[in-house]
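Starting from the known structure of chain E, fit chain D onto it as the hints suggest.
Listed in order, the protein sequences are those of chains E and D.
Residues in the first sequence are numbered consecutively from 997, following our numbering.
Residues in the second sequence are numbered consecutively from 7, following our numbering.
To be clear, the hints were calculated from the coordinates, so they are not data collected in a lab.
Don't be surprised by glycine CBs; every beta carbon is placed ideally from N, CA and C.
Accuracy of the hints is not assured; some may be wrong.
Quick list of simulated restraints, FRET-style, between CB atoms [as the list claims (entries may be wrong)]:
id: 1; chain 1: D; residue 1: Lys-43; chain 2: E; residue 2: Glu-1111; range: 50 to 56 Å
id: 2; chain 1: E; residue 1: Leu-1095; chain 2: D; residue 2: Asp-27; range: 55 to 61 Å
id: 3; chain 1: E; residue 1: Leu-1060; chain 2: D; residue 2: Gly-42; range: 39 to 45 Å
id: 4; chain 1: D; residue 1: Glu-63; chain 2: E; residue 2: Ser-1098; range: 48 to 54 Å
id: 5; chain 1: D; residue 1: Asn-24; chain 2: E; residue 2: Leu-1040; range: 53 to 59 Å
id: 6; chain 1: E; residue 1: Val-1126; chain 2: D; residue 2: Glu-63; range: 39 to 45 Å
id: 7; chain 1: E; residue 1: Ile-1119; chain 2: D; residue 2: Leu-57; range: 24 to 30 Å
Some chain E residues close to chain D (C-beta under 8 Å, calculated; not the full set) [what the hints assert, rightly or not]:
id: 8; residue: Phe-1035
id: 9; residue: Asp-1074
id: 10; residue: Glu-1075
id: 11; residue: Leu-1076
id: 12; residue: Gln-1077
id: 13; residue: Gln-1081
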Amino acid sequence: MNKEIITDMCDSTAQTKKNTKRLFFWSVIWALATAGVGFGPKNLWNFNTWLTIIAVLIHIGLGLGMIRVFKQYLQGLDELQRKIQLDAMALSLGIGLVLGSSYEMLEDIKLIPFEPEIPHLLIMMSLTYVVGTVLGNRKYQ
Amino acid sequence: MKNRLKLLRAERDWTQANLADQLGVSRQTVNAIEKGKFDPSLPLAFKVARLFDLSIEDIFQDAPTTPA
Chain E
997 MNKEIITDMC DSTAQTKKNT KRLFFWSVIW ALATAGVGFG PKNLWNFNTW
1047 LTIIAVLIHI GLGLGMIRVF KQYLQGLDEL QRKIQLDAMA LSLGIGLVLG
1097 SSYEMLEDIK LIPFEPEIPH LLIMMSLTYV VGTVLGNRKY Q
Chain D
7 MKNRLKLLRA ERDWTQANLA DQLGVSRQTV NAIEKGKFDP SLPLAFKVAR
57 LFDLSIEDIF QDAPTTPA
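So that you can see chain E by itself, here it is in the shape it has in the complex:
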């Protein structure tokens, strides 16, 4: 990634910078909560039902908070930056839908020996979103 693309991706108003920092913070907190729900029941509280329910509720609550912050982030962008985000999200959703549906069938049709996992799809969609954002910034630099 060259310096100009990075500069364009960081080029924003003070409000956008503030929104970006907030979004980063909420994303990290949500990722930690996801890890907590994934590993906590087995490794931390021995499948205690109430603690697991509380962890799941916190995870959902933080996820909803992250969506709200992401919406504010989008509203704070200018029209070109919003278009870049929309294109990247469309790419991510499209790739996720097309490849995700094929990936889900791979075990049924005996092409892979393991069960497809949703985290694999999430990782692929996240990476596609990042690639889409970089390509968008390169296109309009």
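Coordinates of chain D only, in the frame set by chain E:
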């Protein structure tokens, strides 16, 4: 769509960042509009026209598409 944004900006000795600040957009957006890579929305085009005290048609010209 063609435009005279770069010329008008240069006449006033403004940088892309100056113009972006006055329009409330990023420098990247001003740059993309100047290069004809991105067409602004109607509200932004009006904002640009007001800033330069010109009509939209004085700044932006529709580039005719060649028939297929």
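Interface restraint verdict for Phe-1035 (chain E) against chain D (beta-carbon cut-off 8 Å): Violated, because the Cβ-Cβ distance from Phe-1035 (chain E) to chain D comes to roughly 40 Å (cut-off 8 Å).
Range hint compliance [Cβ, Ile-1119 (chain E) to Leu-57 (chain D), 24 to 30 Å]: violated, 45 Å
Cut-off 8 Å, beta-carbon criterion: hint that Leu-1076 (chain E) touches chain D: It holds, given that the least Cβ distance between Leu-1076 (chain E) and chain D is near 4 Å, below 8 Å.
Hint validity - Gln-1081 (chain E) Cβ closer than 8 Å to any chain D Cβ: Nearest chain D Cβ about 13 Å off; hint violated.
Residue hint Glu-1075 (chain E), partner chain D, criterion CB-CB below 8 Å: Interface hint status for Glu-1075 (chain E): holds (5 Å vs cutoff 8 Å).
Outcome of range test on Cβ distance (Asn-24 (chain D), Leu-1040 (chain E); 53 to 59 Å): holds, 55 Å
Interface hint status, Gln-1077 (chain E) versus chain D (Cβ within 8 Å): Holds. Min distance 6 Å.
Beta-carbon spacing of Lys-43 (chain D) to Glu-1111 (chain E) - inside the hinted bounds 50 to 56 Å or not: At 45 Å between Cβs, range violated.
Cβ separation of Glu-63 (chain D) and Ser-1098 (chain E), checked against the hinted range 48 to 54 Å: holds, 50 Å
Restraint outcome when Asp-1074 (chain E) is required to lie within 8 Å of chain D by C-beta distance: holds, 4 Å
Cβ separation of Leu-1095 (chain E) and Asp-27 (chain D), checked against the hinted range 55 to 61 Å: violated, 42 Å
Consistency of beta-carbon spacing, Gly-42 (chain D) to Leu-1060 (chain E), with hint 39 to 45 Å: For Gly-42 (chain D) against Leu-1060 (chain E), whose Cβ atoms are near 41 Å apart, the range 39 to 45 Å holds.
The structure fails hints 1, 2, 7, 8, 13 (numbered hints given earlier, in ascending order).
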